[in-house]
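*Asks:* Could you put the whole structure together from the sequences, leaning on the hints where they help?
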Amino acid sequence: MTSQTQNLSRSRGRAPLVTLSGALPWLICTLFLLLMPLIFTSNSALTIMNQMAITIVFALAYNMLLGQGGMLSFGHAVYMGMGGFMCVHLMNYVEDMSLPIPLPVLPIFGGLFGMGVALIVGSFSTRKAGTVFAMISLGVGELIAACSVIVVAFFGGEEGVSGDRTYGLPVFGIEFLHQIEVYYLTAFWLVLSALLMFLFSRTPIGRMANAVRDNPERAEFLGYSARWVRFYSFVASGFFAGIAGGLFAVNYEILTEENLNLATSGSILLVTFLGGVGFFFGPIIGAILFTLLQTVLSLQTEIWQLYLGVLFVATVMFFPGGLAGVIMMHALPMRLGKAGLLIKPYFKTLVPAVISMAGVAAVLEILYHIRHAALGENEMTLFWVSFDSHSPLPLILAVVAMVAGFWLARRGAPEMAEAWHKANTPDGGAV
Amino acid sequence: MRKPIKLGLGAVLALTIGAGSAMAENIKIAFIDPLSGPFASTGSNGLKQYQFAADELVNKKGGVLDGQMFEIVPFDNKVSPKESLIQLQVAIDQGIRYVVQGNSSGVAHALTEAIEKHNKRNPDDRVLYLNYAAVDPALTNDDCTFWHFRFDANADIKMDALTDVIKETPEIKKVYIIGQDYSFGKAVAAAAVRMLAEKRPDIEIVGNELHPIGKVKDFTPYARKIVSSGADAVITGNWGSDMLNLGKSVVENGFTGPIYTYYAAGSGITAAFGESGKGVIRLISQGQINPPESDAAAAYIEAFEAKYPDGNIDQPRITNAIGMLAEAIKEAGSATDVVSVAKALEGMEYDDLFSGKVYMRPQDHQLIQDMFIGAHTDEGVTFDYDNSGYGIVVEHKVEMAGMDSPTTCKMKRP
Amino acid sequence: MDLILVNLIDGLVTGLLLFMLSAGLTLIFSMMGVLNFAHASFYMLGAYFAYQISMFLGFWMGLLIAPIVVGVLGALVERYGLRRVHQYGHVPELIFTFGLALLIEEIVQFIWGKDQMPYSIPEVLNFTALSIAGNAIPAYKVFMIFTSVAIFIALLYVLTRTRVGMIIQAALSYPRTVEALGHNVPLVFMGVFGVGTALAGVAGVIAGPVLSTFPGMALVLGSIVFVTIVIGGLGSLWGALVASLLIGWITTFAKAYNIRMEDILTGIGFEKPVDLSEHMLRDLWTITSPQIADILPYLLMVLILVFRPYGLFGKRDA
Numbered sequence: 001m002t003s004q005t006q007n008l009s010r011s012r013g014r015a016p017l018v019t020l021s022g023a024l025p026w027l028i029c030t031l032f033l034l035l036m037p038l039i040f041t042s043n044s045a046l047t048i049m050n051q052m053a054i055t056i057v058f059a060l061a062y063n064m065l066l067g068q069g070g071m072l073s074f075g076h077a078v079y080m081g082m083g084g085f086m087c088v089h090l091m092n093y094v095e096d097m098s099l100p101i102p103l104p105v106l107p108i109f110g111g112l113f114g115m116g117v118a119l120i121v122g123s124f125s126t127r128k129a130g131t132v133f134a135m136i137s138l139g140v141g142e143l144i145a146a147c148s149v150i151v152v153a154f155f156g157g158e159e160g161v162s163g164d165r166t167y168g169l170p171v172f173g174i175e176f177l178h179q180i181e182v183y184y185l186t187a188f189w190l191v192l193s194a195l196l197m198f199l200f201s202r203t204p205i206g207r208m209a210n211a212v213r214d215n216p217e218r219a220e221f222l223g224y225s226a227r228w229v230r231f232y233s234f235v236a237s238g239f240f241a242g243i244a245g246g247l248f249a250v251n252y253e254i255l256t257e258e259n260l261n262l263a264t265s266g267s268i269l270l271v272t273f274l275g276g277v278g279f280f281f282g283p284i285i286g287a288i289l290f291t292l293l294q295t296v297l298s299l300q301t302e303i304w305q306l307y308l309g310v311l312f313v314a315t316v317m318f319f320p321g322g323l324a325g326v327i328m329m330h331a332l333p334m335r336l337g338k339a340g341l342l343i344k345p346y347f348k349t350l351v352p353a354v355i356s357m358a359g360v361a362a363v364l365e366i367l368y369h370i371r372h373a374a375l376g377e378n379e380m381t382l383f384w385v386s387f388d389s390h391s392p393l394p395l396i397l398a399v400v401a402m403v404a405g406f407w408l409a410r411r412g413a414p415e416m417a418e419a420w421h422k423a424n425t426p427d428g429g430a431v
Numbered sequence: 001m002r003k004p005i006k007l008g009l010g011a012v013l014a015l016t017i018g019a020g021s022a023m024a025e026n027i028k029i030a031f032i033d034p035l036s037g038p039f040a041s042t043g044s045n046g047l048k049q050y051q052f053a054a055d056e057l058v059n060k061k062g063g064v065l066d067g068q069m070f071e072i073v074p075f076d077n078k079v080s081p082k083e084s085l086i087q088l089q090v091a092i093d094q095g096i097r098y099v100v101q102g103n104s105s106g107v108a109h110a111l112t113e114a115i116e117k118h119n120k121r122n123p124d125d126r127v128l129y130l131n132y133a134a135v136d137p138a139l140t141n142d143d144c145t146f147w148h149f150r151f152d153a154n155a156d157i158k159m160d161a162l163t164d165v166i167k168e169t170p171e172i173k174k175v176y177i178i179g180q181d182y183s184f185g186k187a188v189a190a191a192a193v194r195m196l197a198e199k200r201p202d203i204e205i206v207g208n209e210l211h212p213i214g215k216v217k218d219f220t221p222y223a224r225k226i227v228s229s230g231a232d233a234v235i236t237g238n239w240g241s242d243m244l245n246l247g248k249s250v251v252e253n254g255f256t257g258p259i260y261t262y263y264a265a266g267s268g269i270t271a272a273f274g275e276s277g278k279g280v281i282r283l284i285s286q287g288q289i290n291p292p293e294s295d296a297a298a299a300y301i302e303a304f305e306a307k308y309p310d311g312n313i314d315q316p317r318i319t320n321a322i323g324m325l326a327e328a329i330k331e332a333g334s335a336t337d338v339v340s341v342a343k344a345l346e347g348m349e350y351d352d353l354f355s356g357k358v359y360m361r362p363q364d365h366q367l368i369q370d371m372f373i374g375a376h377t378d379e380g381v382t383f384d385y386d387n388s389g390y391g392i393v394v395e396h397k398v399e400m401a402g403m404d405s406p407t408t409c410k411m412k413r414p
Numbered sequence: 001m002d003l004i005l006v007n008l009i010d011g012l013v014t015g016l017l018l019f020m021l022s023a024g025l026t027l028i029f030s031m032m033g034v035l036n037f038a039h040a041s042f043y044m045l046g047a048y049f050a051y052q053i054s055m056f057l058g059f060w061m062g063l064l065i066a067p068i069v070v071g072v073l074g075a076l077v078e079r080y081g082l083r084r085v086h087q088y089g090h091v092p093e094l095i096f097t098f099g100l101a102l103l104i105e106e107i108v109q110f111i112w113g114k115d116q117m118p119y120s121i122p123e124v125l126n127f128t129a130l131s132i133a134g135n136a137i138p139a140y141k142v143f144m145i146f147t148s149v150a151i152f153i154a155l156l157y158v159l160t161r162t163r164v165g166m167i168i169q170a171a172l173s174y175p176r177t178v179e180a181l182g183h184n185v186p187l188v189f190m191g192v193f194g195v196g197t198a199l200a201g202v203a204g205v206i207a208g209p210v211l212s213t214f215p216g217m218a219l220v221l222g223s224i225v226f227v228t229i230v231i232g233g234l235g236s237l238w239g240a241l242v243a244s245l246l247i248g249w250i251t252t253f254a255k256a257y258n259i260r261m262e263d264i265l266t267g268i269g270f271e272k273p274v275d276l277s278e279h280m281l282r283d284l285w286t287i288t289s290p291q292i293a294d295i296l297p298y299l300l301m302v303l304i305l306v307f308r309p310y311g312l313f314g315k316r317d318a
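Chains as they are written, first to last, in the numbering used here: chain E, 1 to 431; chain D, 1 to 414; chain X, 1 to 318.
Just so you know, not all the hints are guaranteed correct.
[As the list claims (entries may be wrong)] In silico DSS-like cross-links for lysine-lysine, where the CA-CA straight-line distance does not exceed 27 Å:
id, chain 1, residue 1, chain 2, residue 2
1, D, 167, D, 215
2, X, 141, D, 278
3, D, 330, D, 412
4, X, 141, D, 217
5, D, 397, D, 173
6, X, 141, D, 215
7, D, 186, D, 215
8, D, 117, D, 410
9, X, 272, D, 186
10, D, 412, D, 120
11, D, 343, D, 410
12, D, 61, D, 343
[To be verified] Listing some non-contacts, in silico: residues in chain D with all C-beta distances to chain X over 10 Å:
id, residue
13, 116
14, 122
15, 167
16, 305
17, 331
18, 408
[Said to hold, decoys possible] Residues from chain D that face chain E, not an exhaustive set, calculated with beta carbons under 8 Å:
id, residue
19, 35
20, 36
21, 69
Hints listed in this document are in silico derivations from the structure and should not be mistaken for laboratory results.
Even glycine gets a Cβ: it sits at the ideal position worked out from N, Cα and C.
*Replies:* As structure tokens, then:
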């Protein structure tokens with residue numbers, strides 16, 4: 001997590017607020033978002049991209065707590081869910097009483113409502129950090145999720161609350177009938193909220209959140225109340241989670257208990273940590289990867305959650321900085337102009353490693369197929385090859401790939417470590 | 001179940017390209033139900049029954065129209081409404097026009113609404129929704145749509161049949177109603193109270209309560225209350241582990257009367273009840289498994305069990321869903337014009353493999369069929385569940401249950 | 001009145017079962033300062049292993065072997081997983097155990113599938129031990145009570161009366177000093193983690209047949225175990241005992257008696273609205289205690305954390 005400070009240090013000092021190098025990534029991202037629908041035209045691709053955008057906003061909001069404030073929450077779905085529920089209710093009011101609220105501004109109400117809930121919960125939960133905060137968040141999360149099936153008036157019970165986005169005022173003649181219109185609306189809110197969250201991390205209060213995370217006592221000595229700093233981050237995070245909820249409401253037009261429960265809270269923790277909590281863009285990578293795994297991999301294999309679990313545990317054990325951490329590890333070699341040194345050893349180690357992992361996956365898939373497929377249906381397709389799962393040959397091949405890949409990767413590892421060391425050492429001696 | 005592993009972008013691309021090459025030969029049917037997570041066993045068992053039904057009833061007979069085959073395309077919704085909507089979109093993009101789903105009325109509500117909106121917004125690629133197990137009465141009453149067809153009897157119809165049986169059982173004087181705290185559990189309880197008051201005003205309802213769904217670890221306190229209330233019979237709409245734990249706990253604490261249930265069979269529940277459920281557990285369902293309705297039905301089940309030794313035919317209505325869809329497509333003369341197919345389904349009469357005639361009521365798209373009340377036992381079981389030696393043997397039959405049951409459905413037809 | 005006695009016994013069974021889980025968890029917490037989110041998963045593993053063993057060797061061998069296997073697995077997880085993550089700090093440790101819980105659930109589903117397992121009470125104990133006013137108390141429940149009490153006494157004896165227990169206690173408070181005295185502290189930690197998870201395993205073995213053995217069993221019990229030790233005070237064995245029994249009785253009595261919100265509200269002096277169907281608070285008026293029984297512990301935890309953040313018996317400020 002210390003790499004966060006590294007990231008911040010670049011813009012330290014009295015640098016102008018907007019610089020070209022600072023604005024460039026944002027412009028590229030925006031352009032990218034605008035062009036995506038031209039590449040992926042189908043509605044399902046748009047739906048998946050919308051889902052990604054919502055997860056990104058939510059994960060960034062979550063990382064305001066976890067990454068920037070060091071607060072581990074097990075019930076953050078509550079703020080997104082509450083914001084979303086409010087938005088669906090608003091949508092229905094718009095329909096019933098023809099309130100003059102155009103759809104595109106709806107997420108802001110979700111945000112305000114999420115913030116309101118965070119204000120109430122934060123008033124007592126942010127007094128302490130660490131385990132106490134985590135446990136209160138778990139308790140409150142469970143309570144509200146459980147209430148959602150009991151309090152039918154607001155949460156609609158098990159079937160949830162649904163609305164219709166097309167009854168609002170048309171904006172410039174757009175009625176949001178089509179997925180593409182919703183996509184651009186979501187993309188707009190994604191860029192706006194990501195930018196705001198980024199700017200928040202640059203405000204004094206955002207910086208203080210880092211200080212409180214790393215050493216609350218010192219922060220207190222500097223005259224800042226650790227509790228209030230945590231409280232402000234918490235409320236801001238609740239606001240953006242509520243915006244994500246509002247976007248969810250616009251996209252799916254339905255909110256259910258699922259939006260509040262522990263599983264959703266847990267998966268956003270997963271998303272954020274996979275992506276990397278130490279960098280602003282970490283959760284973005286995590287959200288994209290997770291959504292792809294969830295919607296695409298689950299169509300390909302039934303044991304995708306097993307892979308996800310392995311991936312997650314491996315990330316925590318070996319790359320606590322997440323994917324973003326892995327990427328940023330290469331910043332120094334890049335700056336030194338020595339990244340080229342890494343290519344060959346990477347190739348020699350990672351290719352066998354990938355083969356080995358494919359071997360493991362093949363073994364698992366074959367075993368799963370033998371155990372769970374219909375009798376007589378021995379044929380299975382794996383990596384575009386069809387074969388008989390009950391014959392020993394494929395299993396032997398997979399095991400051989402697994403072991404041989406592992407052995408080769410093991411053998412290449414010292415070379416990679418050496419190259420890594422070299423690439424990170426500036427010419428002319430140690431750092 | 002062939003499942004190639006293709007990672008990441010390649011698959012996304014495949015999705016986008018898939019839209020173009022969709023309407024080739026096969027008639028694809030999207031199966032949107034849980035294939036992972038806590039309810040996966042129910043979902044994957046349903047998938048097996050669909051694939052088998054499509055093969056046996058349609059494909060082996062040469063398909064429909066000019067030889068078009070049925071293909072069941074599985075989508076894992078993890079019983080989440082959100083995931084269901086995403087998978088629905090993916091299915092629609094693949095050119096799929098028929099969606100089947102059953103687990104959880106919450107998902108069913110989300111799907112009906114989403115399909116209603118989709119069909120309104122995209123009149124060119126409309127979709128039909130064949131619901132085979134979500135039994136919330138609202139789906140064929142206040143929330144009915146033209147695109148939704150239900151092949152299972154709804155909770156009210158089942159309760160109607162159940163109370164008919166209770167009416168004939170004079171020993172039952174006190175009834176205890178218990179259910180999960182959500183729309184379906186409440187619907188069951190309300191129907192039970194209403195119908196018992198109509199048919200057997202002398203019966204005393206000694207308990208009527210709800211418990212949190214999926215959260216109760218130990219049902220002993222509930223069982224104590226049931227036993228000490230002196231109830232002669234228990235009625236519950238519980239499913240999954242809530243069903244099993246409630247039943248076990250009630251039996252363990254000394255209850256001997258019948259427990260009337262909606263979902264106490266298959267998915268490991270029959271095996272887990274085993275001896276303890278004998279003489280206690282009763283099940284209201286459609287489709288007669290034991291004794292087999294006919295030789296054809298017996299042959300069908302045998303063939304299924306030979307193919308899937310771990311599977312159960314615990315949702316016989318799936319044969320109706322597939323069979324009637326095939327008939328409707330033949331009658332409409334087109335698989336792409338779903339409005340004609342829907343109109344052909346309306347009012348259709350069909351011979352159920354596992355009972356007599358069934359009839360798709362046009363007013364609300366509710367399938368009217370015979371209902372059976374069976375007992376959990378190991379005697380006289382031709383086809384058991386979970387390979388446990390135990391199965392459901394039919395004790396009572398209610399013909400064309402709920403034929404004249406009222407509906408508040410005001411269907412808007414295109 | 002007889003029913004009260006019956007409910008007291010039922011609550012005791014629930015409480016003691018909870019205690020067997022929370023005892024191990026609280027021990028592990030006082031050692032590593034981290035909540036083990038995967039604790040209930042070891043409980044699940046205990047039940048599944050015992051089921052598998054009981055198929056071949058019978059229930060009693062399952063009771064003997066399964067906890068040992070679970071304990072060894074737990075020790076391995078500590079040695080090769082947690083110890084590695086420990087260097088990154090507490091939050092990653094917590095996240096690691098969280099991920100482990102997910103992974104164990106997936107592995108269990110991979111091996112045993114997603115159905116309920118027909119794991120049942122041994123024939124020897126399948127009779128009614130005693131009957132109070134028509135309410136049967138199965139012999140298995142009596143067995144559960146005695147097993148858990150025996151385990152508690154044994155644990156207390158080992159921790160307070162033996163040399164090993166002294167070293168453990170000392171290592172919990174002053175690991176450096178104990179290490180300087182020549183004891184292998186990492187080994188002690190590994191041992192405590194192993195014993196803690198083995199306890200969870202025992203709980204799984206004896207709870208599996210009554211609470212049913214299925215892949216969701218860890219999730220159902222998971223968070224309630226944290227609630228227990230947080231209420232009792234993190235790291236306190238006595239606190240865990242008191243909180244377990246408290247939760248056992250609260251939930252049992254809330255389910256056993258139909259206390260209606262309507263009665264409470266009118267008792268305080270509120271007036272019941274005539275037409276409830278469209279009233280904003282209609283759901284509040286119709287709440288009954290069995291409906292919310294299993295949520296009460298969470299409410300209790302939030303209240304305790306707000307007013308007494310270190311729990312009922314907790315000494316150190318968590």
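*Asks:* Each hint needs a verdict: does it hold in this structure or not?
*Replies:* Now for the hints, and whether the structure bears them out:
For the hint linking residue 167 (chain D) to residue 215 (chain D), the alpha-carbon distance of about 34 Å lies beyond 27 Å, and the restraint is violated. In summary, the hint linking residue 141 (chain X) to residue 278 (chain D) is supported, as the alpha carbons are separated by about 22 Å, within the 27 Å threshold. Distance restraint check for residue 330 (chain D) and residue 412 (chain D): the Cα-Cα separation of roughly 24 Å lies within the 27 Å cut-off, and the hinted pair is therefore satisfied. Between the alpha carbons of residue 141 (chain X) and residue 217 (chain D) the distance comes to roughly 15 Å, so the proposed pair stays at or under 27 Å and holds.
Distance restraint check for residue 397 (chain D) and residue 173 (chain D): the Cα-Cα separation of roughly 22 Å lies within the 27 Å cut-off, and the hinted pair is therefore satisfied. Restraint check for residue 141 (chain X) and residue 215 (chain D): satisfied, since their Cα atoms lie roughly 21 Å apart, inside the 27 Å limit. Taken as a hint, the residue 186 (chain D) and residue 215 (chain D) pair is honoured in the structure, with Cα atoms around 17 Å apart against an allowance of 27 Å. Restraint check: the Cα-Cα separation between residue 117 (chain D) and residue 410 (chain D) comes to about 17 Å, which is no more than 27 Å; the hinted pair holds.
At roughly 22 Å between alpha-carbon atoms, residue 272 (chain X) and residue 186 (chain D) fall within 27 Å of each other, so this suggested pair holds. With a C-alpha separation of about 12 Å, the suggested pair residue 412 (chain D) and residue 120 (chain D) falls inside the 27 Å cut-off, and the hint holds. Only pairs whose Cα atoms come within 27 Å are accepted, and residue 343 (chain D) paired with residue 410 (chain D) is accepted, the gap being roughly 16 Å. A distance of roughly 24 Å separates the Cα atoms of residue 61 (chain D) and residue 343 (chain D); the hinted pair therefore holds under the 27 Å criterion.
Residue placement check: residue 116 (chain D) keeps its beta carbon more than 10 Å from all beta carbons of chain X (closest about 26 Å). Distance check on residue 122 (chain D): its Cβ is at least 36 Å (rounded) from any Cβ of chain X, clearing the 10 Å threshold; non-interface status holds. Every Cβ of chain X is farther than 10 Å from the Cβ of residue 167 (chain D); the closest lies at roughly 28 Å, confirming the non-interface assignment. In this structure residue 305 (chain D) is separated from chain X by more than 10 Å, as the shortest Cβ-Cβ distance comes to about 16 Å.
At roughly 39 Å, the least C-beta separation between residue 331 (chain D) and chain X is larger than 10 Å, which holds for a residue marked as non-interface. Residue 408 (chain D), annotated as away from the interface, keeps every beta carbon of chain X farther than 10 Å; the closest lies near 16 Å. Below 8 Å, beta-carbon pairs count as interface contacts, and residue 35 (chain D) has one with chain E at about 6 Å; its hint therefore holds. Look at residue 36 (chain D): its Cβ gets to within about 6 Å of chain E, closer than 8 Å, so that hint holds up.
About 17 Å separates the beta-carbon of residue 69 (chain D) from the nearest beta-carbon of chain E, more than 8 Å, and the hint is not met.
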